[in-house]
Amino acid sequence: MHEASIAYSLLQMLLEIGEKEGAREIRKAVVKVGKLSGVVPECLSFAFDAMKTEYSKTENTRLVIVEVPLTYLCRRCGKTFTREDFIFPECPFCSSAETELIKGEELDLEEVECEV
Amino acid sequence: MCDTCGCNEKEGVKRIYRIQERITKSNEEIAEKNRAYFLKNGITAVNIISAPGSGKTTLLEKTIEALGDRIKIAVFEGDIETTLDAERIKNKGAFAIQLTTGGACHLDAQLVHKAIHEIEKMEEPPKLLFIENVGNLVCPASFDLGETLRAVMVSVAEGDDKPLKYPKAFKTSQVFIISKTDLLPHFDFSIEKAKEYALSLNPELKVFALSAKTGEGFDEWIAFLEELTSS
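From first to last, the protein sequence lines stand for chains A and B. Its first residue numbered 0, the first sequence is counted upward by one per residue in numbering that gives the first Met the number 0. Its first residue numbered 0, the second sequence is counted upward by one per residue in numbering that gives the first Met the number 0.
By construction, these hints were calculated from the structure, which means they are not laboratory data. Idealized CB from N, CA, C, for every residue including glycine. The reader is advised that the hints may include incorrect statements.
[Unchecked claim] Between beta-carbon pairs, the in silico distance windows are:
#1 B/K212 x A/E53: 46 to 56 Å
#2 B/K120 x A/Y7: 28 to 38 Å
#3 A/S95 x B/V12: 46 to 56 Å
[Said to hold, decoys possible] In silico DSS-like pairs for lysine-lysine, Cα to Cα no more than 27 Å straight-line:
#4 B/K61 x B/K205
#5 B/K61 x B/K194
#6 A/K56 x B/K13
#7 B/K164 x A/K102
#8 B/K13 x A/K31
#9 B/K24 x A/K19
Can you build the whole structure from these sequences, using the hints too?
Laid out in structure tokens, this is it:
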């Protein structure tokens, strides 16, 4: 349940942004979570909602999680493709096994909506 | 209500900030400081990640026995509770610091940073530092400690499909250790399969298969560490 540590870091980032921008409250935070980020979206939401009420600026913050699927680039034919799982990601166009994960490891704060 | 003059909007102005920042940014900043410290002081730091009971502490005991008289070794022992593992390491003559996380399922860069202040008290800094993470193949994978190298370990008793079940640990490591190979006759564990799965996730992984009990495969591991610390 390392999502608790991550939810805590996220809250600190939001409070810092809120402070910097003189926000009265933070309404919404959009977070990108890759399928191979090692973070379970439900656990992150649960931990975030449990902790956000500790601070007046975040007590009503809505956390929006955008899940990022696994996207691979084929080194042989140069095409990209998405996959549900990461087991032997062969290129569906040319069958090459030389593929590289280019998306799916994200754990990023993307957008913050503040009320100033 | 009116949508043109804004009279239906709540008091206050809404502002949207677009940023792109890692949520684990604060951990990564401290990790970079740790990494700089290790580099400056010629310390090779190895972060060992595995499930509970894979044999992390036993691997370290045997490694200290084999290398301790030639290379100065220190160990940070991550555990949720107790100082038992640090005692085991001290008994082998290496410098050990117990990091008890008090419930947390992983070590983070800040905990390691605190422990660095303890190694500064050593007369001679270690050449090789092992950071034994909390027994867990999930959470430790998400936290950079500033280590030089990350090693993920799976014992024969756990099954050869572990790389597929815990992909992040294998994707972020440079070394994969298969431990307790003396148990191979008793389990349906295929070293070839485990390797194949792990390499499909991370083709750069260097793989060791060894038994700390019989010493099988241990020479390769020791030679690897010697080469690592000599450069």
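Verification of the hints:
Range check, B/K212 to A/E53: about 49 Å between beta-carbon atoms, so the 46 to 56 Å window is met. Checking the proposed 28 to 38 Å range against B/K120 and A/Y7 shows it holds: the Cβ atoms sit about 31 Å from each other. Restraint check, A/S95 to B/V12: a C-beta distance of roughly 52 Å satisfies the suggested window 46 to 56 Å. At roughly 20 Å between alpha-carbon atoms, B/K61 and B/K205 fall within 27 Å of each other, so this suggested pair holds.
A distance of roughly 24 Å separates the Cα atoms of B/K61 and B/K194; the hinted pair therefore holds under the 27 Å criterion. A threshold of 27 Å between alpha carbons decides the hint, and for A/K56 with B/K13 the separation of about 14 Å falls inside it, so the pair holds. For the hint linking B/K164 to A/K102, the alpha-carbon distance of about 19 Å falls within 27 Å, and the restraint holds. Distance check on the hinted pair: B/K13 and A/K31 sit about 22 Å apart at the alpha-carbon level, within 27 Å; holds.
Among the hinted pairs, B/K24 with A/K19 is consistent with the structure: their alpha-carbon atoms are about 17 Å apart, no more than 27 Å.
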